[in-house]
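Trainee: Residues in the sequence shown are numbered consecutively from 45, following this note's numbering.
A few of these clues could be false.
Claimed, not checked - FRET-style restraints, in silico, Cβ to Cβ:
#1 Asp-203 with Pro-316: 22 to 32 Å
#2 Asn-69 with Thr-100: 15 to 25 Å
#3 Gly-135 with Asp-171: 16 to 26 Å
#4 Ser-261 with His-136: 38 to 48 Å
#5 Ser-259 with Asp-203: 23 to 33 Å
#6 Arg-97 with Gly-189: 36 to 46 Å
#7 Glu-103 with Ser-77: 17 to 27 Å
#8 Ser-259 with Gly-111: 54 to 64 Å
#9 Thr-72 with Arg-308: 50 to 60 Å
#10 Lys-252 with Ser-77: 55 to 65 Å
#11 Thr-228 with Glu-338: 35 to 45 Å
#12 Lys-138 with Gly-241: 23 to 33 Å
#13 Gly-241 with Glu-330: 40 to 50 Å
Claimed, not checked - 27 Å max Cα-Cα, derived DSS-like pairs, lysine-lysine:
#14 Lys-216 with Lys-252
#15 Lys-323 with Lys-116
#16 Lys-113 with Lys-248
#17 Lys-138 with Lys-116
#18 Lys-64 with Lys-138
#19 Lys-223 with Lys-248
#20 Lys-333 with Lys-116
#21 Lys-252 with Lys-307
#22 Lys-138 with Lys-333
#23 Lys-307 with Lys-333
Please keep in mind that the hints were generated in silico from the structure rather than gathered at the bench. Glycine included, every Cβ here is placed at the ideal spot set by N, Cα and C.
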Amino acid sequence: MRADDLILFSQVFELGSFSKVAEQNNLTNSVVSKRIARLEEQAGVQLLYRTTRKLTLTEAGRALLQGAKSVKQATQEAMDSVSGFGEKVTGHIKMSVPTISGDLVLAHAVAEFCSLHPGLTIDMSLDNRFVDLVDGGYDLVIRTGYLEDSSLIARHILDSQWVVCASPEYVKRYGRPLKPDDLTQHNCLQYAYQTTGASDWEFKGPKKNYIVRVSGSFSTDNATALRKAALGGFGIAYMPRCLVYEDINAGSLVDLFPEQVGKRLGIYAVYPFTRQPPKKVKMLIEHIKTRYLEIAHCF
45 MRADDLILFS QVFELGSFSK VAEQNNLTNS VVSKRIARLE EQAGVQLLYR
95 TTRKLTLTEA GRALLQGAKS VKQATQEAMD SVSGFGEKVT GHIKMSVPTI
145 SGDLVLAHAV AEFCSLHPGL TIDMSLDNRF VDLVDGGYDL VIRTGYLEDS
195 SLIARHILDS QWVVCASPEY VKRYGRPLKP DDLTQHNCLQ YAYQTTGASD
245 WEFKGPKKNY IVRVSGSFST DNATALRKAA LGGFGIAYMP RCLVYEDINA
295 GSLVDLFPEQ VGKRLGIYAV YPFTRQPPKK VKMLIEHIKT RYLEIAHCF
């Protein structure tokens with residue numbers, strides 16, 4: 045079935061006559077009638093009862109209507125998502141991003157977006173706190189984790205997998221933990237920014253995820269500092285894979301439990317609640333998502 049025929053069928057139900065649908069779509073009555081007949085032929089059933097006074101849906105027509113409405117809605121949403129993309133983008137965007145994302149991909153992506161739209165300026169701050177969008181005057185924030193404020197809209201970009209890793213030197217000196225519970229006997233470098241607790245490391249279990257409570261001599265709220273401590277051989281770290289993807293590939297760090305780490309968080313573009321964000325924000329989100337997806341293998 046053609047999507048445009050399904051949309052036309054939905055309009056027939058909403059407007060109640062072929063003539064009104066024809067007028068709205070700049071078609072003739074006969075074209076509308078032929079397209080509905082084609083839909084019925086493809087479905088193999090009658091969809092409408094036609095009388096001189098009104099149109100009535102058959103049982104099959106009522107069943108098809110729900111799908112037709114979904115196609116119409118999806119088409120409208122697709123059109124809305126790109127509306128204004130061909131127009132000149134100007135103005136200013138104030139945004140906040142996490143330090144990891146800023147260092148990894150967003151600084152380049154946002155600067156690139158500005159270069160593509162000379163009439164636009166962007167102020168990007170790097171902050172791991174979930175800033176107050178309204179009080180802070182932010183148009184957009186990129187955050188990893190969960191969204192609790194119902195007055196905000198979050199658009200999913202991709203998911204970030206975490207890893208447990210250590211340098212080959214550390215493994216050689218202290219041995220490699222064979223199972224997650226062995227981590228309690230090791231010096232575990234802790235990322236204090238974790239919302240679930242720096243010492244609570246999550247792993248996959250046979251039925252559900254479980255927590256191993258670790259301890260260690262070093263804790264930091266800066267992921268780059270955590271990475272450097274792990275590279276220096278000072279302990280085992282638990283951090284987003286994207287931060288150490290190149291190190292693991294190069295052999296500078298060892299992924300200790302590649303299939304067992306249970307922590308996987310979504311990365312979201314968050315903006316104040318509106319039916320549609322301003323087109324400049326909408327376009328920036330699309331640009332950021334494209335750049336993230338180009339390196340999705342790192343996550």
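Trainee: Now tell me if each hint is right for this structure.
Mentor: Hints versus structure:
{"no.": "1", "hint": "Asp-203 with Pro-316: 22 to 32 Å", "result": "holds, 24 Å"}
{"no.": "2", "hint": "Asn-69 with Thr-100: 15 to 25 Å", "result": "holds, 21 Å"}
{"no.": "3", "hint": "Gly-135 with Asp-171: 16 to 26 Å", "result": "holds, 22 Å"}
{"no.": "4", "hint": "Ser-261 with His-136: 38 to 48 Å", "result": "holds, 45 Å"}
{"no.": "5", "hint": "Ser-259 with Asp-203: 23 to 33 Å", "result": "holds, 28 Å"}
{"no.": "6", "hint": "Arg-97 with Gly-189: 36 to 46 Å", "result": "violated, 58 Å"}
{"no.": "7", "hint": "Glu-103 with Ser-77: 17 to 27 Å", "result": "holds, 21 Å"}
{"no.": "8", "hint": "Ser-259 with Gly-111: 54 to 64 Å", "result": "holds, 56 Å"}
{"no.": "9", "hint": "Thr-72 with Arg-308: 50 to 60 Å", "result": "holds, 55 Å"}
{"no.": "10", "hint": "Lys-252 with Ser-77: 55 to 65 Å", "result": "holds, 57 Å"}
{"no.": "11", "hint": "Thr-228 with Glu-338: 35 to 45 Å", "result": "holds, 39 Å"}
{"no.": "12", "hint": "Lys-138 with Gly-241: 23 to 33 Å", "result": "holds, 31 Å"}
{"no.": "13", "hint": "Gly-241 with Glu-330: 40 to 50 Å", "result": "violated, 35 Å"}
{"no.": "14", "hint": "Lys-216 with Lys-252", "result": "violated, 32 Å"}
{"no.": "15", "hint": "Lys-323 with Lys-116", "result": "holds, 22 Å"}
{"no.": "16", "hint": "Lys-113 with Lys-248", "result": "violated, 40 Å"}
{"no.": "17", "hint": "Lys-138 with Lys-116", "result": "violated, 34 Å"}
{"no.": "18", "hint": "Lys-64 with Lys-138", "result": "violated, 46 Å"}
{"no.": "19", "hint": "Lys-223 with Lys-248", "result": "holds, 11 Å"}
{"no.": "20", "hint": "Lys-333 with Lys-116", "result": "holds, 25 Å"}
{"no.": "21", "hint": "Lys-252 with Lys-307", "result": "holds, 12 Å"}
{"no.": "22", "hint": "Lys-138 with Lys-333", "result": "holds, 18 Å"}
{"no.": "23", "hint": "Lys-307 with Lys-333", "result": "holds, 21 Å"}
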